[in-house]
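Chemist: Listed below, chain by chain, are the residues.
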Amino acid sequence: MTEPSPLTSAEARALLPARTDGPDVTVRRLWDPVAGGEAPADAVVVLPRLAADAWARWRVAGVAAVVAAIGDVDALADVHAGDPARWAVADTRLALARLSRRLDPRPAVAEVGVHASAVVDESARLGARVAVGPLAVVGADAILEDDVVLGAGAVVGAGARVGAGSVLRERVVIEDGVVVGRRCWLQAGAVIGGDGFGFAPGPRGAERIHHLGTVVLGDDVEVGANACIDRATLGATVVGPRSKIDNLVQIGHNVRIGADVLIAGQTGVAGSTAIGDRVVIGGAAGVADHVEIGADARIAGGAGVTKSVPAGDTWGGYPAQPMRRWVRERYLIGRLEAIWAFVKGRA
Amino acid sequence: MTEPSPLTSAEARALLPARTDGPDVTVRRLWDPVAGGEAPADAVVVLPRLAADAWARWRVAGVAAVVAAIGDVDALADVHAGDPARWAVADTRLALARLSRRLDPRPAVAEVGVHASAVVDESARLGARVAVGPLAVVGADAILEDDVVLGAGAVVGAGARVGAGSVLRERVVIEDGVVVGRRCWLQAGAVIGGDGFGFAPGPRGAERIHHLGTVVLGDDVEVGANACIDRATLGATVVGPRSKIDNLVQIGHNVRIGADVLIAGQTGVAGSTAIGDRVVIGGAAGVADHVEIGADARIAGGAGVTKSVPAGDTWGGYPAQPMRRWVRERYLIGRLEAIWAFVKGRA
Amino acid sequence: MTEPSPLTSAEARALLPARTDGPDVTVRRLWDPVAGGEAPADAVVVLPRLAADAWARWRVAGVAAVVAAIGDVDALADVHAGDPARWAVADTRLALARLSRRLDPRPAVAEVGVHASAVVDESARLGARVAVGPLAVVGADAILEDDVVLGAGAVVGAGARVGAGSVLRERVVIEDGVVVGRRCWLQAGAVIGGDGFGFAPGPRGAERIHHLGTVVLGDDVEVGANACIDRATLGATVVGPRSKIDNLVQIGHNVRIGADVLIAGQTGVAGSTAIGDRVVIGGAAGVADHVEIGADARIAGGAGVTKSVPAGDTWGGYPAQPMRRWVRERYLIGRLEAIWAFVKGRA
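Chains as they are written, first to last, in the working numbering: chain A, 2 to 348; chain B, 2 to 348; chain C, 2 to 348.
In case anyone wonders, no lab produced these hints; they're calculated from the structure. Among the hints, erroneous ones may be present.
Which copy is meant is left open, so a pair is good if it fits within one copy or across any two.
Derived SDA-like pairs: lysine to any residue, alpha-carbon spacing no greater than 25 angstroms straight-line [claimed, not checked]:
#, residue 1, residue 2
1, Lys-308, Gly-295
2, Lys-308, Arg-94
3, Lys-308, Ser-273
4, Lys-345, Glu-330
5, Lys-308, Pro-49
6, Lys-308, Val-35
7, Lys-308, Arg-336
8, Lys-308, Leu-333
9, Lys-345, Arg-329
Just need the whole structure built from these sequences, with the hints factored in.
Modeler: Structure (structure tokens):
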């Protein structure tokens, strides 16, 4: 852990962005408003959007600054008069994201350079300020662009390319030839580029289809811990820029995921399916192979998508259907007791 | 593998605990009563609770001792007269647990000390009898208390703390600052303390919320292979003492799990949810974010919990509901054929 | 990447097998018929079975050879007259599998021998042409038969045995005593032989049942990335020859899987369940403990199997039931709107 440099009210105005009321302060740490204990004097708390009469319940006394939604700041001043600086923002969640990044005490790079215990092939090319952690492995002809960080035990296969500023946490595996964009963040244990699950029945059992394609992750993609993205049979499995994939998600071979997609934990997407831009998929959902989920569609957690979903639709259930129909179906199932009584009474 | 020291009838009386009938014997290995082959003369078998007439089917001839429920031991003596010692116990499953531990031929510690290939930061503090396996990594300021065992390739992040007697199997990752209690057992590939899946929509796509909190595992917690437990946004994701989490489970950020909880394989618990003491969750269930599962509740495998569950309740289905209602709903759906015939006949 | 040796029409006749029409050619790479760009002159494409009038849409101009189903080759000749060799096969998918294997540019073995950074116990026995990758670990008394390949960071436990020609990709963990057959392929991050999830309630919380059994994988078994197969309590968890298990699948302790089984991604099979030969299970399905799935049965993706399934049956839904009944049930649920209108009109 390292102490982040102090953040002033002036910097906060530009970073969040915020209108700043009250004293000019400097903060060094984000504080949890629901945590017990005394807040340190160099802390800032971010309050969620709340009814005015809820402010009194928040433990903000003692902190240097409070971040709240623009409409809430006046109510806040009434209850917690005087001391903390009040930083009014349009979007408290975005403010939280930016403060959390700015005040993260964990250095992305413990130390620039190649750790003595790492195994880096002499044909690999490393950019400026690259950090290769202990016991990481970089294969032949791999390319790590500037500012790439490999955590302990991460493996980058032969001919793979990792874009500038990307972070591969502990034990991530990037198989041969995989392409990772810039500023990606891959959490521990993720496996990118394993062979897809494709077999052909042969005279002596299933014969594996070797997957000769690759995986291409766009810029600013994030992949969760122990998630898996399989390489394409031919061509590439693609994850578009800024898409975020959670822990233990499975992305099958040949899948194409658009930009700004969010896929929550343990969801599976089977082979050759296409997912449009800005699609949001809840946790533990399943999407069948060879279907298409249109742009801006939303899939409920736990849904089982067995056919294509039109752009902009919200679907849920298993088999998945438009959310309105699924809710209506659940309502009608709830009427079964009355229906059954009616039928029994007249049969 | 190492030969465990022999276990005598006298020791068994105290360990299981058991009432011992028949000859005084010593045993060295647990034997599978349904396995083929000849049982070795130094074996003990544990028989599940069974009807008396089932005893004859068990292959217990040749073993040194048979463990059975108190009420079953007499029936056993009738069928397998004479030779094996008979150890009568109140709980055969508990007896199996204790015998399996006592006779485990796998040493928890292959060798005490730090393997020459491990990378241990000089600022890390290691207690007595710590074993750090080949190619393990221990970060700056990490603490390994007495008798900790790190398997091959395990990674303990900077500032993390592992309590006395805990075992981290191969390739476990404990991220920076995570706290592991005493006598915990973490199976291969588990990732504890990855950043949670939290983003804020920003002008140029989702911005990641850096998770500045941590994970705290209580004493005697177990976590399965390739399972993931995310760190909190602020504060801590908590798993209470003696709770057991199976393979490939996902625990989201800010989740609070009580004591003595059991969560079976591939279940997912989304962010900020609270799970009370002694809750049991079956495999492949999903629990939505920000809900509460009360103490002693039971959730069926495959259930999708979308709202809070009262203490002591048993719920199932998706969306999950009280088990009695779910069973009734399944019954009524089974009546739909008759209902439809009735309606068609009168419409 | 390495250039595979060229494949001639004559070799293709024997390998696929194929009837070859048109010029004698040599090919070096498989090409994706739906990819953009110009096909190189040494490429072969495999066309799926299609209506004759669809041929014109495929980009096969420029390639050296086209593989198509026997009945399609004539239509192909009409549309793409002249230049590419036409290889007629009975099964295009099998042809794809064999060509993909033959033309895979990724060497299974980067280099034969033990990498200087690997940690191999001196009591381990290594066959001919074994390749142990960087930072792999081989425990005491482990056996690697001829032509075994261990990827970077793979771990083979004490007393484990890996059969001839098997490949363990990056970071695979084979726990102590596990037996892997010949020509198996284990993808990155798979964990074979972790302790099963078995506990006995004791006076001071759940006591773990140490799993003293093992896992036995038959010949030609494949296991996906980050999948987990738990060792048996006693005896062995068994996966029969030629069975294929996808990414993130969980196989519980004591499970017995037959030959030629296919289990798709994220499916879970709970403890002590038996799965017969040639069973096919879709993705994200769950199978309860202690049930039996008969030979040749098929289980739909997302199904939740709570009781035994007869041989040859196809089941789906949750709780799973014969597919015909599940489809009928879905149909009847779709009639609920009409049923409810009828009941409301007469109540």
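Chemist: Honestly, which of those hints from before does the structure not fit?
Modeler: none
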